[in-house]
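One line per chain: the protein sequences are A and B, in this order.
Residue 160 in our numbering sits at position 153 of the first sequence; the count goes up by one each step and never skips.
Residue 283 in our numbering sits at position 272 of the second sequence; the count goes up by one each step and never skips.
What the hints contain is simulated information worked out from the structure, not anything from laboratory work.
You may find that some hints are simply not true.
[To be verified] Residues from chain B that face chain A, not an exhaustive set, calculated with beta carbons under 8 Å:
id, residue
1, Ile47
2, Arg69
3, Asn70
4, Gly72
5, Gln79
6, Leu81
7, Lys99
8, Gln103
9, His115
[Claimed, not checked] Covered stretches of chain B (in silico footprint by chain A; criterion: 3 or more residues with CB under 8 Å from a CB of chain A, positions within the stretch not fixed):
id, stretch
10, 17-23
11, 233-240
Each residue gets a CB set at the ideal place from its N, CA and C atoms; glycine is no exception.
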Amino acid sequence: MANFSTLEIGKKALIAQKFGLDVTANNIANVNTPGYSRRNAVLSEDTSVQRNGFFLGNSVVVKHIQSFRSEYYDREIRSLTSRNSSFDIESQLLKRIETVLGEPSGDDLDTMITDFFKAFEQAAQNPESVTFRAYIIDKGAELTGRFNRISSDLNDLRREAQTSLNSSVKSVNSLLKDISDLNRQASYNNNTSGDSSQQYIDERELKLQELSKFIDIKVTNNQDSTINVFVNGINLVSGIYYSELGIDDTSNEGLISLSKTDISNGSLTELNVQSGEIFSNLKVYNELLNPNTSNGVYSISSQFNDFTKEFANKINNALLSGYGLNDNDLSAPPNGRLFFYPQDTSNLNAGNISINPFFLTNPSELPLSSLPAEPGNTDIARLVASLVDDKTFSNNLDYKNLTPIEYYSLFVSKVGNYARESLNGLENSKLAESQLSNMRESIMGVNLDEEAVNLIKYQKGFEAASRIINVTNELLGTLINLGK
Amino acid sequence: MRITNKSAYSKFLGQIEQIQNNKLKEETRLITGKKIVGIEDEPERLAEVKLLSSKISRNNGYHLNLEQSLAEMRTVMDNIEAMSDKVKEIRQLSIDAIQPGAVHTLSTYSSQIKGLLNDIINIANSDFNGKTLFSGTATTPLSLKIAPDDAVYSSNNLPFELIVVNPPTAENPSGMKVIFKGNNQDRIINKDANSPEIINVKSKEIFGENLELFNDIIGIYNRLMYNSDGTIRNDNDFITEQDSELIENFQKTLFDKDSQITGATSLFGAKYNRLDSLSRQIQNENVRLNEIKSYKSDTDVAKTTIALKMEETALMYSLQVGSRIMQNSLFDFLK
Numbered sequence: 008m009a010n011f012s013t014l015e016i017g018k019k020a021l022i023a024q025k026f027g028l029d030v031t032a033n034n035i036a037n038v039n040t041p042g043y044s045r046r047n048a049v050l051s052e053d054t055s056v057q058r059n060g061f062f063l064g065n066s067v068v069v070k071h072i073q074s075f076r077s078e079y080y081d082r083e084i085r086s087l088t089s090r091n092s093s094f095d096i097e098s099q100l101l102k103r104i105e106t107v108l109g110e111p112s113g114d115d116l117d118t119m120i121t122d123f124f125k126a127f128e129q130a131a132q133n134p135e136s137v138t139f140r141a142y143i144i145d146k147g148a149e150l151t152g153r154f155n156r157i158s159s160d161l162n163d164l165r166r167e168a169q170t171s172l173n174s175s176v177k178s179v180n181s182l183l184k185d186i187s188d189l190n191r192q193a194s195y196n197n198n199t200s201g202d203s204s205q206q207y208i209d210e211r212e213l214k215l216q217e218l219s220k221f222i223d224i225k226v227t228n229n230q231d232s233t234i235n236v237f238v239n240g241i242n243l244v245s246g247i248y249y250s251e252l253g254i255d256d257t258s259n260e261g262l263i264s265l266s267k268t269d270i271s272n273g274s275l276t277e278l279n280v281q282s283g284e285i286f287s288n289l290k291v292y293n294e295l296l297n298p299n300t301s302n303g304v305y306s307i308s309s310q311f312n313d314f315t316k317e318f319a320n321k322i323n324n325a326l327l328s329g330y331g332l333n334d335n336d337l338s339a340p341p342n343g344r345l346f347f348y349p350q351d352t353s354n355l356n357a358g359n360i361s362i363n364p365f366f367l368t369n370p371s372e373l374p375l376s377s378l379p380a381e382p383g384n385t386d387i388a389r390l391v392a393s394l395v396d397d398k399t400f401s402n403n404l405d406y407k408n409l410t411p412i413e414y415y416s417l418f419v420s421k422v423g424n425y426a427r428e429s430l431n432g433l434e435n436s437k438l439a440e441s442q443l444s445n446m447r448e449s450i451m452g453v454n455l456d457e458e459a460v461n462l463i464k465y466q467k468g469f470e471a472a473s474r475i476i477n478v479t480n481e482l483l484g485t486l487i488n489l490g491k
Numbered sequence: 012m013r014i015t016n017k018s019a020y021s022k023f024l025g026q027i028e029q030i031q032n033n034k035l036k037e038e039t040r041l042i043t044g045k046k047i048v049g050i051e052d053e054p055e056r057l058a059e060v061k062l063l064s065s066k067i068s069r070n071n072g073y074h075l076n077l078e079q080s081l082a083e084m085r086t087v088m089d090n091i092e093a094m095s096d097k098v099k100e101i102r103q104l105s106i107d108a109i110q111p112g113a114v115h116t117l118s119t120y121s122s123q124i125k126g127l128l129n130d131i132i133n134i135a136n137s138d139f140n141g142k143t144l145f146s147g148t149a150t151t152p153l154s155l156k157i158a159p160d161d162a163v164y165s166s167n168n169l170p171f172e173l174i175v176v177n178p179p180t181a182e183n184p185s186g187m188k189v190i191f192k193g194n195n196q197d198r199i200i201n202k203d204a205n206s207p208e209i210i211n212v213k214s215k216e217i218f219g220e221n222l223e224l225f226n227d228i229i230g231i232y233n234r235l236m237y238n239s240d241g242t243i244r245n246d247n248d249f250i251t252e253q254d255s256e257l258i259e260n261f262q263k264t265l266f267d268k269d270s271q272i273t274g275a276t277s278l279f280g281a282k283y284n285r286l287d288s289l290s291r292q293i294q295n296e297n298v299r300l301n302e303i304k305s306y307k308s309d310t311d312v313a314k315t316t317i318a319l320k321m322e323e324t325a326l327m328y329s330l331q332v333g334s335r336i337m338q339n340s341l342f343d344f345l346k
């Protein structure tokens, strides 16, 4: 009886050490698997039995597999991933805007504006020369072309943000479905074996982290190993059920919003995201590059349009009282000779500004003289040229008492500050994420040295257990041979 | 802290990326020669650089304006001097003509004076880069205006023209008249955004409000060429005392006019010097502004080269360390 029980102890030990070896081997195999959390076979002495009046342990069993995850780090990293994505999208966008504006280079808009004013200065030197008037028109056309191109590029960037939003929403929907599927798997394992499979939990965490790139999520755990996912208090995944997101672009203000569609009843709930790719793309579309913002929302496009409008108005107003080379018999300045079009200045913006087509074919009629029949008079040309130093250029309170160049420089500087804030934010957030990832990695990551030691530990355990069986076998042999 | 295999690699990769970014930035600074390679680098400084660039560019514009104006003013001064010489010559001829020995050569004198008058008109009609110099703001034929009474006698499109009115009068037996088709307006340039400057000498400042200078010369010509009764003077016709007095008076008036021209030239010369000095001042200002701009926006080559070297060294050592990160594990020592 006793010898057979020793054999049983040896067998159980063999199984337990072999299990430990398998867990170690699995850790080693997954040393480079993203999202994998290391496991550890937790061994425990088997239930003691009474023998000869004493309680003696009955070998070893695998109690459970311990998995090393930290909910705290997972949550913090998700939050930082979301912020990282926001900063990343914004800094990329601002880098693109930098290229659109041609900054910093000698080929920027302010150089063109300065050259435009200089063209008036040169025309004032040669007031009766049609060539110099044509030169003003050339410089004006070059400038309006630049305004148009910047505006068109900013619009393209806005459209890209919309495309990116649509694709992000598709990815989010796919991730929400995957998470609910993984919830189902984890819950099934939990119900059937009483222990959830760590594999599904690890995979789900990876999906959650990926989801955090798009939106800021909050996660709560359920008893059955499933989780719930919320965005700003609104439930997107509840155990094995999930909702889909959609983009609503039917607003009259030209804004787009993110909403949740309940799969069961199709009802829509608007979502207010606070960070992540979707948040940043919404911000780019609805605010930063929206040419029609209101209520003091800062928009680069709108600001650029304001600058264009104020610039055009100043030039138009200055030229309005002038006479062209051939205006000899007029008692008042001719109507309809605005330099910049469209005529309805309330609709004028960087996208549609152009030179009055009349001047393109009649440069001699450019009104540079303050008196009729005085083509050599340069009052208006000099007046326009002096606008380069006009401190009353803008009515905008943020840009008051600034010349056009100062206004534009401040505008670029504002964009630059915005870009710097985004880059700093990205840098800090990346650093924090890297530190947290390292902390998390120190808990859940695989260390090959450790695993090598475990491998030896379980190997030796296995060898020792085999030895027990061997020794017991010899003992049994001795006993059997006693009767011969 | 527990170190895992992944944590060592990820940290290493992050650092390598950072060093490579820094290195690229320093390289871009060296290649472009610009300290600010992105608007996010130093937004405030970028705005300052933009303002400086604009100021420099505008100064260049004003400098160019001034240089062109100065070249034009030099031509004006040369021309005035040439006209003044011609007036002096006419004066001398008129003095010589009334000397007793010149009685038989009066027609020669008068022809010479007419020739000089034509020379003065030609000089007054001279232009600089297509702009006539003494016709106010009417600097091209397109903007010249001619009085209807004179139009019938006019044959060219120049600001000053010698016409012959028909019929002649007793006071002007030759019928010669100099007409002016330009105006006496100021030609103004901006020497900076807020201060204009007149750069022309007006016709009235040289020839008088009603072209008296030309009238005086024609008066001398008439007295030498014609008798008091309006007939053309023969070689044997003596010049009368009355004619002599008249010529003498014209000659004295011419002297006054010439002094007036000299006065106008000195004033104009003073203005020229002032603008020349301003032009040089703007040029010097631009030199300083360029220095400041360079200080604010250009790469400090020494500093950037050192920074680049530092990044290169960091990268080199990081890569060397990288090979060590893939270090031996316990497995390498287990037999």
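Status of the hints after comparison with the structure:
Satisfaction of the interface hint for Ile47 of chain B is found here, the shortest Cβ-Cβ separation to chain A being roughly 5 Å, below the 8 Å cut-off. A least Cβ separation of about 6 Å between Arg69 of chain B and chain A falls short of the 8 Å threshold, and the interface hint therefore holds. Here the hint on Asn70 of chain B is broken, as its CB sits about 10 Å from the closest CB of chain A, past 8 Å. For Gly72 of chain B, the shortest C-beta to C-beta distance to chain A is roughly 4 Å, which falls under 8 Å, so the interface hint holds.
Because the beta carbon of Gln79 of chain B sits about 6 Å from the nearest beta carbon in chain A, less than 8 Å, this interface hint is met. For Leu81 of chain B, the suggested interface contact is broken, since its CB lies about 12 Å from the closest CB of chain A, more than 8 Å. A least Cβ separation of about 31 Å between Lys99 of chain B and chain A goes past the 8 Å threshold, and the interface hint is therefore violated. The beta carbon of Gln103 of chain B is not positioned within 8 Å of any beta carbon in chain A (closest approach about 37 Å), and the interface hint is therefore violated.
Annotation: His115 of chain B was flagged as interfacial toward chain A, and the flag is violated, the nearest CB pair being 49 Å apart, outside 8 Å. Figure legend: the stretch 17-23 of chain B, annotated as covered by chain A; annotation consistent (4 residues with Cβ-Cβ distances under 8 Å, at least 3 required). Counting residues of the stretch 233-240 of chain B whose CB falls under 8 Å from any CB of chain A gives 0; the rule of at least 3 is not met.
Hint violations for this structure: numbers 3, 6, 7, 8, 9, 11, all remaining hints satisfied.
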